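Chain residues, written in single-letter form:
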Amino acid sequence: MRHFFRAALAVARKDWQIELRTRYALNAMLLFAVVTAVLVSFRLGPLGLSRDRQAATTLAVLLWVAIFFAALNGLSRTFVREEEMRTAALLRLTTPPLAVYLGKLLINLLLLVALELLVTLLFVALMNARIAQPGLFALTLSLGGLGLAVATTIIAALVAKADGKSALFTVLAFPLLLPLLIVAVETTEVALAGSGWAQAAPGLRLLAAYTLAELAASLLLFERTWES
Amino acid sequence: MLRLADWLMIQCPVMNVTGSQTLRLTWHNLAKHYGARPVWQHLEGELSHGEVLVVSGPNGAGKSTLLRLLCGLETADAGSIIYEWRGQRWTPTQMRPFIGVVAPDIAVYRELTALENVHFFATARGQSVSSEQLHTQLAQVGLLERAHDQVAAFSSGMVLRLKYAVALIQQPTVLLLDEPTAMFDAAGRTLVEHIITAQRQRGITVIATNDARELAWGDLLLKAGSA
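Going down the list, the sequences are from chains A and B. Here the first sequence stands for residues 1 to 228, numbered as in the working numbering. Here the second sequence stands for residues 1001 to 1227, numbered as in the working numbering.
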């Protein structure tokens, strides 16, 4: 089992080394996140200063829209690059399939954490977003981010060998992630407005359950997807 | 499907197999089609430990396809491929951790250095390799001085040398070579000849080539597309 996790870590480390040298995902996500936050702040101003409940809703929606689309831009290439650069065959020959999935998931998660931190900082700086309950906010972002990473990783594997990869990725990601995003937005809104943990509890449970279901389905599906 | 347990067997020492002479590869009634076009039909064959098979034939005759079938990167439409080794029967997919492949359509990571590539693929297989082993392997294929250079800066011949390093670091029981010297000069061809000679001690070699000089490396010759 130790060798299995070493293989998964090796995949993640290899992808991180490549990402640091090419900066494909980092640049794509950074650009999208900054452009979105700047545009939104110009048009809507310091939304966080408003006492209107609607302002928290708007901020939560915009935050997740920025995270979602930046993630789609950056994370979709994780398997596509392996196929396009013809390195997938050697990876298939050498690495246990689940270790490949876990390694890719780990690197996507790492990138997503960086993205969420950046988007949050931009929203706080440019829109004066006030987070009434930082703990709840962080937990919501963590669970939502994990769900997003799990889903984007398996979808990236599914579309890697298909024609029209980008369009297919979005088409598959939208229905799969819509329930997760709706719950994540609602729970983030609670955290921003400071409505209390009790009100956020159903949302948090749903986020955790959805993410676990996604992870279980991904682990079951991945080997067949990867080998086909 | 390959079970996790099969992959974890990589931890077993490959070189010191007491029953290594019992390694036998057989393929029976093998058939492969691409769409409606048949590539192989009713193909039968057998290879034993120490033997070298050369597959030759015109472009599109299925030489590379046979190699991909033997390592489980593709599946046959009919028939079976079985490795008999260590008293067990292994499918090509189960045998993968013990197979080294060098082929034009199998690439290494251009963004990594030569050393990082060999280290990554060894670790991904579950091997624990020392820095000394990595450097020795790169020296064997003549890449020691370029160990810390990114593969993107390599010539096609150097990339091919690196593919050999990646395939050989695990001391493979089965070595599959597709166009083994296509990018090599005379020194490169000599290197491959030595590798094939050494592989006779470890197990089986299958070479897909049309180069007349390489046909002589085989004990057995399979002519593709000549039925």
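Treat each hint with caution, since some may be false.
[Claimed, not checked] Incomplete in silico selection of chain A near chain B, CB under 7 angstroms:
#  : residue
1  : 7
2  : 10
3  : 14
4  : 20
5  : 22
6  : 26
7  : 27
8  : 73
9  : 87
10 : 89
11 : 199
[Stated by the list, open to error] Here are a few chain A residues that face chain B, going by a calculated C-beta distance under 7 angstroms:
#  : residue
12 : 18
13 : 21
14 : 36
15 : 38
16 : 86
17 : 93
Think of the hints as simulated: they come from the structure by calculation, not from any bench. Quick caveat: nothing in here was measured; it's all calculated off a predicted structure. Cβ atoms here follow ideal geometry from the backbone N, Cα and C, with glycine treated the same way.
Results for each hint:
| no. | hint | in the structure |
| --- | --- | --- |
| 1 | 7 | 5 angstroms, holds |
| 2 | 10 | 4 angstroms, holds |
| 3 | 14 | 5 angstroms, holds |
| 4 | 20 | 9 angstroms, violated |
| 5 | 22 | 6 angstroms, holds |
| 6 | 26 | 14 angstroms, violated |
| 7 | 27 | 15 angstroms, violated |
| 8 | 73 | 20 angstroms, violated |
| 9 | 87 | 5 angstroms, holds |
| 10 | 89 | 5 angstroms, holds |
| 11 | 199 | 42 angstroms, violated |
| 12 | 18 | 4 angstroms, holds |
| 13 | 21 | 5 angstroms, holds |
| 14 | 36 | 28 angstroms, violated |
| 15 | 38 | 31 angstroms, violated |
| 16 | 86 | 4 angstroms, holds |
| 17 | 93 | 5 angstroms, holds |
The structure shown violates the earlier hints numbered 4, 6, 7, 8, 11, 14, 15.
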